[in-house]
Amino acid sequence: MKKNGTSMAFYVPYGLWLALFVIAPVILIIYQSFFDINGHLTLANYQTYFSSGTYILMTFNSVWYAFLITVVTLLISYPTAYLLHYTKHKQLWLLLIILPTWINLLLKAYAFIGIFSQNGGINTFLGMLGIAPKQFLFTDFSFIFVASYIEIPFMILPIFNGIEELNESFVNASRDLGAKWWQTFTKVIWPLTISGVKSGVQAVFIPSLSLFMLTRLIGGNRVITLGTAIEEHFLVTMNWGMGSTIGVVLIVAMVIIMFLTGERKKRGRRA
Amino acid sequence: MKRLISLVVAILVAVAGLALWSAHLQKSQGATGDNTLNLYNWGDYIDPALITKFEKQTGYHVNYETFDSNEAMYTKIKQGGTDYDLTVPSEYMIEKMKKANMLIPLDKSKLTGLKNMSPDVMDRSFDPGNRYSIPYFWGTLGIIYNDKFVHAGEIQHWNDLWKPQYHDNIMLVDSARDILGFSLVSLGKSMNTTDAPTLQAAKGKLDELAPNVKAVVADEIKMYMAENEAAIAVDWSGEAADMMAENAHLHYVVPSEGSNLWFDNLVIPKTAKHFKAIYAFLNFMMTPKNAAQNAEYVGYSTPNQAALKLLPKAVQNDQQFYPSEAIIRRSEVYQDLDPAVVGMYNDLFLEFKMYRK
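One line per chain: the protein sequences are A and B, in this order.
Going by full-length UniProt numbering, the first sequence opens with residue 1, and the numbers climb by one from there.
Going by full-length UniProt numbering, the second sequence opens with residue 1, and the numbers climb by one from there.
To be clear, the hints were calculated from the coordinates, so they are not data collected in a lab.
These numbers were taken from a predicted model, which means no experiment stands behind them.
Relax, there's no trap hidden among the hints.
DEER-style ranges, computed between Cβ atoms:
hint	chain 1	residue 1	chain 2	residue 2	range
1	B	Leu-187	A	Ala-24	44 to 52 angstroms
2	A	Lys-108	B	Asn-317	42 to 50 angstroms
3	B	Asn-228	A	Gln-47	41 to 49 angstroms
4	B	Asp-168	A	Lys-108	19 to 27 angstroms
5	B	Asp-168	A	Gly-114	15 to 23 angstroms
Looking from chain A toward chain B, a few residues come up when the C-beta cut is under 10 angstroms (computed):
hint	residue
6	Tyr-55
7	Tyr-110
8	Leu-217
9	Asn-221
10	Phe-234
Just so it is clear, CB atoms sit at the ideal spot from N, CA and C, and this is done for glycine as well.
Can you build the whole structure from these sequences, using the hints too?
Dropping the structure here:
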C-alpha cells in the first residue's frame, strides 16, 4: 500500500506538467478555433480553411517540404549513423554531431545567410573558379539544405541508437549463410533498425511541418508553409480563431504521422 | 549529477545576487514607485543619451521597454497587467486604440512646445485636433535603389518596378498593407481601398511583379541592401535611412504619384499612472534641441519644425526624407480598416507570396 502511494506521488509532477503544458494549450487552441474575428461561435474558420485553395495549397506545400526535408536528412543520416557505429571514438563523433544543436536556430540561419549571399563564402569560391555568382539564397535548394542541416542531429541519434542495439551476430549469420551485402542490409539490418528510423522520421517531419522563421530568412517567403500563416494570423490580422484553426489542422496532421510511424502492437503476441 | 546540481545552484545564486544589486542601484537612483516613467517604445527608437539627460534634469527614472509591432503592443496593453505611461503606436493603431477606448486624452494646458510642430503633421484624420497624440516621427513608404545596378532617375514611379530589366532583383518588405498599397497606387486607386474586386486587381498586378521579386523579407532587408544582395527594395523611409548609413550607393525615392505617409505618435494609454512624469517627458521631447538630437540619432523625419531648423542644411533640404509639399499632399495616411478587410489584405498577400513565377 505504502509503496503504491509513493509511486503515485512520482506521477504528480508529470501529470501536472502534462495537464498544464500539453493538454490545456491544446484544448485552448481547439476552443479558440471555433470563434470568428468578431468573437461569435462558429464553424466558419474550418469552412474557410477547407474551401479556400490558398490554405489547401499551403497545406500541400508544408507537407511536401517537410517530406523533402525528411528524405534528405534520412539519406544523409542512415549511412552516417551506420559508419559511426564502426568508428573508433564513437562518443567523440557523436558529440561533434550534437554540438550544432547547442547553437540557437536563428544564429545558424544568419550564418547561412552569410555563406549563401552574393558576397558570401560559396560565391567567392565560385568566383575564384571563374563561375559567375549564383543565386543561392531564397531558393528551394537553400531552404531544404538549411532545414535539413538543422534537423540532421535529430535523425542521426535515434538511428544510431537503433544500430547500436543491433546484435552483430545476426549480421555475421546472414553473411555465413551466403547473403549478399545488399541482402543482409534489406533483410536483416534495415528491419532491425526500422524503429530508430521511425522515431527519427517523427522527430524531423513533425517540426518541419510548422517551420516558419526559416521560410522568411532563408526562403525569402518564396516558400510558404502553414507556420507562416499562423504567425500572420496571430501577429498581423489578430484573427486568433483562424490561426488556431490552422494549428488544429497541424496537430491532426501530426497525430496522423505519429500513428503511421508509431510502433503498432501486434495482437495475440506479447513482446 | 552532483556537479551539475552545484553548477545550477551557483548560476542561480549569481543571478539572484545580480538582481539584488541592480534593485539596490535603482533604489539609490530614486526609482521608487512614483518617481518613474514607464515608456513603451519601439526598439532603438530614442537616443539613450536623452533618457539620461531627462533623468538628470527632472529626477524621474525611465523604464524603457520595447515592442516590435503595433499589434504586439496593442495585445499586451489590452490584456492588462502592465502599467505603461507612454507608448508610440502608428497612425492606424491610434485609431484602433481610440475605438477600443484604450487612450487618455491629452491635457493641452500642461503641454508646452506644441507650437514647434509642423502643421503638416498635426490634425490628421486618425486623430482630429490631436486630442490623444503628439507626433514623434513620421515618414513615407518608398523605393531604395543601389546606384551600382540602377542609374539615377531610372526609378521615379511605382510602375517602374515592373520593368523586365529588374528580373529577380527586387526585395519587398513583409507587410501586406504596404505591398498591396503600392500596387493600388500604381493602379490609381486609394491605399485605403476596401472593396474586394479592386483589391483582387491589385493582387493580380502584383502577381505580374513576381518575376522581379527576389524575396519578401522583414528587418533583414537592411542587411541585404547594405551588402548589395539586391538592386532595389521597397521599404519605409526610416529603414532606408539605416541602410543608407551603411552603404553610400543606396538612394531613396518617394514616387511622385504619392505613397503612404506614416506617423508614430506618443499617446497615453489607459494603464498610465505617473502623469507628472508623462507631461514632463512630453515637454522635454518637444524641446527643439532635444527633438533635433533624437532625430539625428534615430535618423527618421522629425515632425518638429523648430528642431528641423537646428539640423544640418543637407538634412533640411533632403528631398528623400523631407519630400515636397506636393508629394505629401498626394500621399495617403492609412485608416484603421475593418478586421475583415485586414484579413482580406493578408490573405491576398499570402496568395501573392505563394504565387510562383
